[in-house]
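S.K.: Chain residues, written in single-letter form:
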Amino acid sequence: MAAPAALAQIQAYRDNLWLRRAVLFILIIAAFLYPIVRPGSVGLDTANIAEVYVLLALGLNIVVGFAGLLDLGYAAFFAIGAYSAAMLASTQFSTKKVILNTSLLYIGPQGIHLNFFLLIPVAAVIAALFGIAFGAPTLRLRGDYLAIVTLGFGEIVPKVIENMGTGNSFGLPNITNGVNSITGIDSPPNINLGPLHLIFSGNAEAPWYYLGLVIILISILIITRLRNSRLGRSWVAIREDEVAAAHAGINITGTRLTAFALGAAFSGFGGLLEASRIGSVSYIQFLFTVSVSILVMVILGGIGSIPGVIVGGIVVAYLGQAWLPSLGSAINQFGSTLHHHHSTGILGAAGAWMGGLPVVSAEPMIFGIILVLIMLVRPGGLVPERRRALEFHPETAQELAEEQEELYTIRTGEI
Amino acid sequence: MTVVANIIVGGLVLGALYAIIALGYTMVYGIIELINFAHGDVFAFGAFIAIPVGNRLVNQNSFTVPVATSIIAIGVLIIFAALACAILGVVIERVAYRPLRNAPRLAPLITAIGVSLILENALSQIFGGQSIYFPVLLTTSNYSFLGTSISNVQIIVVVVAVAMMLALDLFVNRTRLGKAMRAVAQDREAASMMGINVDFIISLTFFIGSALAGAGAIIYGMDIQSIGYSSGFTLGLFAFTAAVLGGIGNIRGAMLGGLAIGLIQTWVDQLNGGTAWYDVATFVVLVLVLVFRPAGFLGTNTPEKV
Amino acid sequence: MDEPLLTVQGLTRRFGGLAAVDGLDFHVDRGEIVSLIGPNGAGKTTVFNVISGVYPPTAGRIVLAGKEIGGLKPDRIQRQGISRTFQTLRLFANMTVLENVLVGYHSRLHSTLFGDIIKPPWVARREREAVKRAQALLRRLSPRLLARQDFRASDLAYADRRLLELARALIADPLLIMLDEPTAGMNPSEAVEFMEQIRKINADGFSLLLIEHNLNVVMGVSQRVVVMDYGKKIAEGTPPEVQHNERVIEAYLGRRATAAS
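Protein chains in written order, with the working numbering: chain A, 1398 to 1812; chain B, 812 to 1117; chain C, 99 to 359.
Honestly, I wouldn't trust all of these hints.
Partial list, computed: chain A residues near chain C (C-beta under 7 Å) [stated by the list, open to error]:
1) 1624
2) 1627
3) 1628
4) 1641
5) 1647
6) 1759
7) 1760
8) 1762
9) 1798
So these bits of chain A aren't anywhere near chain C, every CB distance computed over 12 Å [said to hold, decoys possible]:
10) 1441
11) 1500
12) 1513
13) 1526
14) 1596
15) 1600
16) 1607
17) 1620
18) 1623
19) 1640
20) 1648
21) 1659
22) 1676
23) 1745
24) 1747
25) 1773
For the record, the hints were derived by calculation from the structure and aren't laboratory data. Just so you know, even glycine gets a beta-carbon here, dropped at the ideal spot from N, CA and C.
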């Protein structure tokens, strides 16, 4: 049978620490070299979008993958991170007189401008606080109810943002600029350290790429540590058997809340990066479809798997930015040339149909098909996490276990 | 006073619509503990495919319809939509949910979202991204009621909703098949050991729930008169909230919950005049109910056996 | 210590109109092994569930080493010092043997969020020590289990899984361990082995409260036996005393038997 052999091979790869480290090293080097090998703003633009997606996917993975909580409104935290950046690093909130004018923080007639690198933890903390606020009353609900409630949060947050502009129905001052976007968001300060020159103030995409890459690498480090810690273990225990976990001394709601807040924090990173790079934010960027895309990244890539969701984020980014549009125009062009050469008949009709086929707008359907197919055929995702791979294939796990038991008894001569 | 009357009438009618959709949600949740996210989209599907058929049955250019044509058109469309939705519902269950019956809880939820996305996008691709109009099937006439007016269409909505609830209630509580459904809802394994064909019963549940949604779609079209590709999902969520409010798995609860949500939404909507806060209000209600009284009005809390 | 380790006073738990536990009084002294027996449906597991915090008592008190613990949540009760196993055997199926035991140590292994992320040397050391402790416990309970420490819990043989659940309950050094039908599904030789385990654990200083149907086990290890029927205590005493108690016999054989005669 092919399956256990393949799984055993994957197991062997996973067990070989040095092989994994070598592959990781090569991947990191390749990532750093990418802009040099493929310069050009279009390619890097997509890569930068992918970076934000990867951060978001890593964050949602903590909630859905590690803690097993289905969050259908994750874009809410993305919005909160982005809008925190918009409010603390732009001209949105200006005071009449200069209140503070230090190099790290300025509050005055030109708005609030917090240093970007300080803003990173601040945006994360703000998002995490919202995570705690949303999660505290709701995280003890059952999985499906929690899913709907998070969906609700995902709907409410953009709605509230949309309605907190000028002349809003609450009678509050303009906080989020309402239906208009907040523009003029700061970029990070230019970095000139020795040979390193990252100019953010211009139009170049490369500095953003490197900034994003560093944030992602640090995030991966943090998340991996968390997964392998006592906290990570308690997440798995809760997923496996909540009652037994509680009886082992684990505070279920508190542990889930930690996962939720951490997930929100990474969304905050992503939101900050996005807001700063694009320079503006609008509530439209954070609707339900965005929450769905992030979920697709996690499910497609591999629920609970750190390399998996990274792949998922990259795939979804390139799908939407590059592959679907290319496929779309290819089909459309083929269709119109076909129709051009055969103005009547079946070929002509087929050509006309293909010429007008809206491929790009079918993205939600493609996402839907991906979700259904993955769940039916390969629930562990493209790059499954080891535990889950066995969870979803009990027959394979059974075979592996019997192999293991056999090997053990042979080795020790025990029965 | 007219404001209150308007809220009552509006809330009643809207609530009846939600109740119809909620019935399908509550039935499916009661039997397999799944929030069928695609249910709202099945509802929308019913409305969408009924439109071209309806346009052939009535004169599209006139607001008055002869009574005989009305009866025929409404009857045909209801049967057509109910059947179409029922088949769609059963197919979805067979393809996307049944294989995952023993999978971890997250899995069918995710496929449900996936199916919902597919349906919505399909509707959007086939029928376009804008809302389209439902053909007029009935000459509207208004009656005075509680100081405000209510139309015959609105009365039909309420009557149909109540009739559906009564019929379903009767079916579930008085027939053999209904008893089988209740058994499967309580304990699937035990029911199958008693000789009940669980697969068939579950498919039947989806069939009935989706058929009700399909019929409801025609009623909806008669009242609201337009539908967009994403209307189904949103309506579905509100209907699900209604089902939870009334007590998930409980048929009468779905009716009660639908009424409550309809009234709340109508009230909130006229409070702020213009700003659409009713969806936020509905979700706030959902969160409050789930946090403070997850069993809803008429539901029972079933604790897990340790 | 004169004061009992665990005191249950007037414990009542209702479900709707039904009192599954009705005015129950009993205690467990330090170092004792007490068995809770009774026919099916007597309410024994409900007693465990109330003590371990699955649901609160409707009335009555539960006192552990002088502290009132009635109504607390399971994780707090575990931290107060009561561990338990389950009638239906609740392991973390997809975690290894070692991981299962380590989870049991959760409340004693302190860590903070920052500690987990930054992982300074003392955090790493604590984790290593926890692993050593878990391995030592496994070695003491069953070298078989220790040898299989990297096996998935669901891949173990049934008796090993029961032992694993026991190990998980033991590792945090609880004051009292509650075992809910630990020998259910075991064959006689496995049950005898398990009795040895119980005696070993008791000798190490742990107090035990057992629910058991296997009367050989009950008679073999318990110092005292509490008998329940229909939620109430109907007898209490040493194993031989209880064995010959008329009410106990009647409860087990059923009133029909006595009525028919």
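S.K.: A separate judgement is required for each hint: does it hold in the structure or not?
M.R.: For each hint, the structure was consulted:
no. : hint : verdict
1   : 1624 : violated, 10 Å
2   : 1627 : holds, 5 Å
3   : 1628 : holds, 5 Å
4   : 1641 : holds, 4 Å
5   : 1647 : holds, 5 Å
6   : 1759 : violated, 37 Å
7   : 1760 : violated, 34 Å
8   : 1762 : violated, 34 Å
9   : 1798 : holds, 3 Å
10  : 1441 : holds, 30 Å
11  : 1500 : holds, 28 Å
12  : 1513 : holds, 22 Å
13  : 1526 : holds, 14 Å
14  : 1596 : holds, 32 Å
15  : 1600 : holds, 36 Å
16  : 1607 : holds, 23 Å
17  : 1620 : violated, 9 Å
18  : 1623 : violated, 6 Å
19  : 1640 : violated, 6 Å
20  : 1648 : violated, 5 Å
21  : 1659 : violated, 8 Å
22  : 1676 : holds, 31 Å
23  : 1745 : holds, 57 Å
24  : 1747 : holds, 50 Å
25  : 1773 : holds, 21 Å
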